[in-house]
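Novice: As a plain string of letters, each chain reads:
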Amino acid sequence: MSKINKLISGNCGVICPDCTEDYVKAGGYQGLKKAFTMKPEDIIGEVKKAKLLGRGGAAYPAGSKWEQLLEIPEFPKYIVINADEGEPGTFKDKILLGQDPLRVIEGMIIAGYVFNSHDGYIYIRGEYRAIQKVFQSAIDNAVKAGYLGKNILGSGFEFNIHIMTGAGAYVCGENSALLNSIEGKAGRPRIKPPHLAEVGLFLLPTLVNNVESIANIPTIVLEGGDKYLSYGTKDSGGTKLICLSGNVVNRGVYEIPFGVSLRDAIYDPQLGGGIPNGKKLKFFHLGGQSGPIGGEAQLDTPYCYKALRNAGLSVGSGAIVVMDEDVCVIDYLKGVTEFFIHESCGKCTPCREGNKQIYAILCKIAAGEAVQDDLVILKRLIDTMTIASFCGLGQSAAVALNTCWKLFKTEFEDHLHKKCPAQVCFTEQERGE
Amino acid sequence: MCCSKVTKDQAVEIIKRYEQVLAIINKYGKAKEQLLSILLDVQATSGENYVAEEWAEVVACQLDLPISKVHDVLTFYAMFSIEPRGRYVIEICKSTPCHVTKADAVVAMFEAELGIKLGETTPDNEFTLLHTSCVGACDIGPVAKIGEEVYGNLTAAKVAEIVASYREAKACQK
Chain G
1 MSKINKLISG NCGVICPDCT EDYVKAGGYQ GLKKAFTMKP EDIIGEVKKA KLLGRGGAAY
61 PAGSKWEQLL EIPEFPKYIV INADEGEPGT FKDKILLGQD PLRVIEGMII AGYVFNSHDG
121 YIYIRGEYRA IQKVFQSAID NAVKAGYLGK NILGSGFEFN IHIMTGAGAY VCGENSALLN
181 SIEGKAGRPR IKPPHLAEVG LFLLPTLVNN VESIANIPTI VLEGGDKYLS YGTKDSGGTK
241 LICLSGNVVN RGVYEIPFGV SLRDAIYDPQ LGGGIPNGKK LKFFHLGGQS GPIGGEAQLD
301 TPYCYKALRN AGLSVGSGAI VVMDEDVCVI DYLKGVTEFF IHESCGKCTP CREGNKQIYA
361 ILCKIAAGEA VQDDLVILKR LIDTMTIASF CGLGQSAAVA LNTCWKLFKT EFEDHLHKKC
421 PAQVCFTEQE RGE
Chain D
1 MCCSKVTKDQ AVEIIKRYEQ VLAIINKYGK AKEQLLSILL DVQATSGENY VAEEWAEVVA
61 CQLDLPISKV HDVLTFYAMF SIEPRGRYVI EICKSTPCHV TKADAVVAMF EAELGIKLGE
121 TTPDNEFTLL HTSCVGACDI GPVAKIGEEV YGNLTAAKVA EIVASYREAK ACQK
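Order-wise, the sequence lines are chains G and D.
Residue 1 is where the first sequence starts when you use my numbering, and the numbers rise one by one after that.
Residue 1 is where the second sequence starts when you use my numbering, and the numbers rise one by one after that.
If you're looking for bench data, these hints aren't it; they were derived computationally from the structure.
Keep in mind that a hint or two might mislead.
Stated by the list, open to error - Not the full set, but computed from the structure, chain D residues with beta-carbon under 8 Å of chain G:
| # | residue |
| --- | --- |
| 1 | 34 |
| 2 | 36 |
| 3 | 97 |
Each residue gets a CB set at the ideal place from its N, CA and C atoms; glycine is no exception.
Model the full structure from these sequences, guided by the hints.
Specialist: Shown next, in the form of structure tokens:
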């Protein structure tokens, strides 16, 4: 089995990103042309057959999401693309946005056609300011070439795309917070229900999809749902963009077929290429800061939704951050928790206060000042946050800690006795060196 | 009662800035949903990388928003500052993929090069050194972001080179 399959990233680094001519020469807009010959419900039928699972992290079936929105009678409807990619270790959408924006635009036009929507919004994080300019140029060129604006390709259909900028808030990756941000407000999540399909942007029915999800749509329409499904597993079609970072030789974005093992992703010379400087793997963090942590024993798990879930792991956003033996688990978790303290919107108590308390205990552990009771409190905080937080951010903030707890319980205990196996915590004197 | 006098030069500067802020607001059609873009532009053109209270009030007034809503946005998003900062804000990514590739060492390199500590601004108001969350460049960590530019795979030599290039840019402007 080939370990790389460039189903949606083939144009990246090959064509001029904003050039319509280049995009068309590479087969662009064929999916859109075919879509205009199809009925909206048939297009959704293909997306359902394709078994495309949302690539932003939640893995919700895209076809079902589209079907739910189609059934809502109110108009207008909005298409919103979530390009707020803020999960540390995740930079896959950046590749599509900056190197093949016209594929994202084509997917958005098809979605617009399906829902008879005339306005699509793409919310690009503020940190990608330079990419926003490339994307705007791609939009302008698409308008000039008649693929956007009024009467697209003589079909009578009108669709416009607007770029909205973020300003540095991880929580805006949560779809309802993202819509608040597009409306010019602070990006705090909304209470659900009502669901965004019914009451979304400007209180109107809205589709929110991730960049990678929408980039798959032209291929699904062009090749058909069955063919697309055949590129993946029987439960989830297509390929996945993964992002390798941390202590791995070949850091970068790779498009892989589902089913490649984690060992291959990290060690295969075509992909990660192993750990630098002859070091050993200690653990890996999947799907971003809110994702689970795995170790050596899980390396042979195939990279697909079902197998990873069965192994207590998850695909999430596609991030794979690799850590070598020199990384201290407690020190790493301090970094993860600091991130969530900074990014918590502050709306609910379990998340706002829980992260701070977890951080305080981790600092005590790292300083060798913690006692057994602190570990009991830590476990209680994990459970409370997971159950009682308002949105996905708080609910998943302690996932890394919880999975590390199971994998490295002895390392937590060691720190109570001023032992840090990675030699990161404590002074040389404290370590008895 | 305040009796400080505004000089003619200062008055001219204030009027120029007022017109600049109005032009930014008009560019976005005075649309409420464009508040983030407007404030980012106001900040970027301030020369000190922040949104001053008086200009936040102008934005609120022009968009017909309560000032509390503008404050809510300014204090919610990490990219805004309500305090003056250096002309160049150097932000070192502190997220875990950068942390495990030695981001702490990069902070120390910039501190040594600039002669300031993290969180401080150089006495000439040219550089402010800060931490930031992930900038989405984990493949080239450790990274630093200055304005729209992201610098990766940083070493002491590269850090010195980057700082020198910004200092030279300043010298050329003079």
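Novice: Which earlier hints can't be squared with this structure?
Specialist: Nothing - there is no hint that the structure violates, so all of them hold.
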